[in-house]
Structure formats: C-alpha cells, structure tokens
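Peer 1: Given these sequences and hints, build the entire structure.
Sequential numbering from 652 applies to the sequence shown in our numbering.
Watch out, some of these pointers could steer you wrong.
Dumping the calculated DSSO-like pairs for lysine-lysine here, alpha-carbon to alpha-carbon at most 27 angstroms [as the list claims (entries may be wrong)]: (1) K655 x K704; (2) K702 x K789; (3) K692 x K704; (4) K732 x K692; (5) K789 x K655; (6) K733 x K789; (7) K733 x K799; (8) K799 x K704; (9) K789 x K799; (10) K732 x K702; (11) K702 x K733; (12) K655 x K692; (13) K789 x K775; (14) K799 x K775; (15) K791 x K732; (16) K733 x K775; (17) K733 x K655; (18) K702 x K692; (19) K791 x K775; (20) K799 x K732; (21) K791 x K702; (22) K732 x K789; (23) K704 x K732.
These are computed hints drawn from the structure, not numbers from a lab.
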Amino acid sequence: MAYKIEVRVGVAVPVDDVYEIIADIDSWTSWSPIHQEVSGKLGFGAPFHSKEKFEGLGVWEIDGVIADWTPLSHIHIAVPKKFYEGSLTRYFEFDSLSETGASFSMGAVFSGFLSEREGRRYGKFFRAGFQAFAEALKAKAEAEYAAKPPEQRLKASKPVKVPEIPEKKTAPWAPPKQWKFGKSK
652 MAYKIEVRVG VAVPVDDVYE IIADIDSWTS WSPIHQEVSG KLGFGAPFHS
702 KEKFEGLGVW EIDGVIADWT PLSHIHIAVP KKFYEGSLTR YFEFDSLSET
752 GASFSMGAVF SGFLSEREGR RYGKFFRAGF QAFAEALKAK AEAEYAAKPP
802 EQRLKASKPV KVPEIPEKKT APWAPPKQWK FGKSK
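Peer 2: In structure tokens form, the structure reads like this:
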C-alpha cells in the first residue's frame with residue numbers, strides 16, 4: 652500500500668515555459684514560498700537537496716536523487732530511507748493541454764508501513780505547502796509569459812514545420828530481368 656499526496660493546477664502557458672521554471676532547480680528559492688534552500692541538477696542519479704518550511708510542521712529537509720526524469724513530462728526524486736521505514740518519492744509532472752495551456756502536479760508517494768503513517772500524519776501540512784508552491788509557479792509562469800512579446804510567446808512550443816518531400820513519380824516496381832519466374836529445371 653502507498654499513501655499519495657498530490658496537488659494539481661492548470662497554467663495558462665505552454666508546457667515548455669512551466670518546465671523551464673522547474674528545471675532551473677537552483678532558482679526555486681527566489682519564487683517558492685516553501686523552499687528555503689535547494690540544490691540539484693537534472694540528470695539520472697544526480698543529487699537533490701532541499702530545505703522546505705511547511706506551516707505548522709516546521710523545516711523539512713530532503714536529501715535524495717533524481718530517480719526518473721523526462722523533459723516536459725516529469726521529474727521524480729527518490730528519497731532514501733532505512734529499509735524498515737519504507738520509501739518516499741517526490742514528483743513534479745507536466746501535461747500539455749493545448750498550445751497555451753498546461754497542467755502541473757506536485758506530490759509525494761509514501762510507501763511502506765512507517766512511511767505511510769508519516770504521510771497520513773503530516774499530509775495536511777504537505778498538501779498546503781504543495782498548493783502554495785503550485786500557485787506560486789502558476790503566477791510566475793503566467794507573468795513571464797505575459798511579459799514576452801507576442802511573436803515570442805509560442806516560439807518554443809510550436810514545432811518547426813518540416814518541409815514536405817515531393818512524391819516521386821516512377822513506374823510501378825518490376826523485378827529485375829535476371830530473375831526468372833516459372834518452372835525450375
């Protein structure tokens with residue numbers, strides 16, 4: 652069994668813009684209401700450290716590794732614990748809803764007996780903190796997007812048009828003359 656805490660928010664900008672803000676991990680402290688200290692780089696197995704302050708809970712420190720990461724899709728952070736404590740996975744997920752709309756979710760999955768109890772006990776504090784983080788991300792992304800000149804707004808999210816290859820006009824395929832069909836001798 653696992654205990655999951657998740658907060659989801661819709662953002663009126665392309666998914667590229669939301670992802671760029673989250674991918675710049677070292678800048679989180681400048682806009683996130685819960686992060687006091689953050690360090691890390693995106694890469695499989697890369698270390699991730701954060702000190703988060705949750706209202707009613709105090710400071711929560713995380714030392715983990717980037718366990719799974721796909722650009723414009725998700726970032727999963729595994730937080731190692733002792734074997735009897737279970738496991739904790741923190742995640743950030745992105746969904747493109749349209750050219751100018753995205754969905755962002757942030758959460759934690761507590762697995763194992765002691766870890767599930769921890770999640771249930773502190774869940775309301777985490778949920779409130781995650782909601783504050785998601786709302787701050789939404790405000791930052793939408794403000795940055797609105798500040799861009801109109802011609803640059805959809806540049807990153809629109810795929811480059813691939814030129815069409817003209818269709819070749821050739822005769823239908825025929826076997827080479829050296830191939831012989833019919834009865835073999």
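Peer 1: Checking one constraint from the list: CA of K733 to CA of K799, max 27 angstroms. Satisfied?
Peer 2: violated (47 angstroms)
Peer 1: Could you grab the alpha-carbon distance between K789 and K799 and see if it respects the 27 angstroms cut-off?
Peer 2: holds (16 angstroms)
Peer 1: Hinted pair, alpha-carbon criterion (27 angstroms max): K704, K732. Please report holds or violated.
Peer 2: holds (20 angstroms)
Peer 1: Given the hinted pair K702 and K789, is their Cα-Cα distance within 27 angstroms?
Peer 2: Given that 27 angstroms is the threshold and the Cα spacing comes to 21 angstroms, the pair holds.
Peer 1: Does the structure keep K733 and K789 at a Cα separation of 27 angstroms or less?
Peer 2: At roughly 35 angstroms apart (the allowed maximum being 27 angstroms), K789 and K733 break the hint.
Peer 1: Compare the distance between the alpha carbons of K791 and K702 with 27 angstroms, and conclude whether the hinted pair is satisfied.
Peer 2: Distance ~21 angstroms between K791 and K702 Cα, so the pair holds.
Peer 1: Assess, step by step, whether the Cα of K799 is no farther than 27 angstroms from the Cα of K732, and give holds or violated.
Peer 2: violated (43 angstroms)
Peer 1: Are the Cα atoms of K789 and K655 separated by 27 angstroms or less?
Peer 2: holds (22 angstroms)
Peer 1: Take the C-alpha atoms of K791 and K732, compute the straight-line distance between them, and say whether it is at most 27 angstroms.
Peer 2: It is violated: about 33 angstroms lies between the C-alpha atoms, which goes past 27 angstroms.
Peer 1: CA of K789 to CA of K775, is that 27 angstroms or under?
Peer 2: Since the Cα atoms of K789 and K775 sit roughly 21 angstroms apart, the hinted pair holds (cutoff 27 angstroms).
Peer 1: Straight-line Cα separation of K791 and K775 no greater than 27 angstroms?
Peer 2: It holds: about 24 angstroms lies between the C-alpha atoms, which stays within 27 angstroms.
Peer 1: Taken at face value, is the distance from the CA of K655 to the CA of K733 at most 27 angstroms?
Peer 2: Distance of about 19 angstroms is within 27 angstroms: holds.
Consistency with the previously given hints fails for numbers 6, 7, 8, 14, 15, 20, 22, ordered from lowest to highest.
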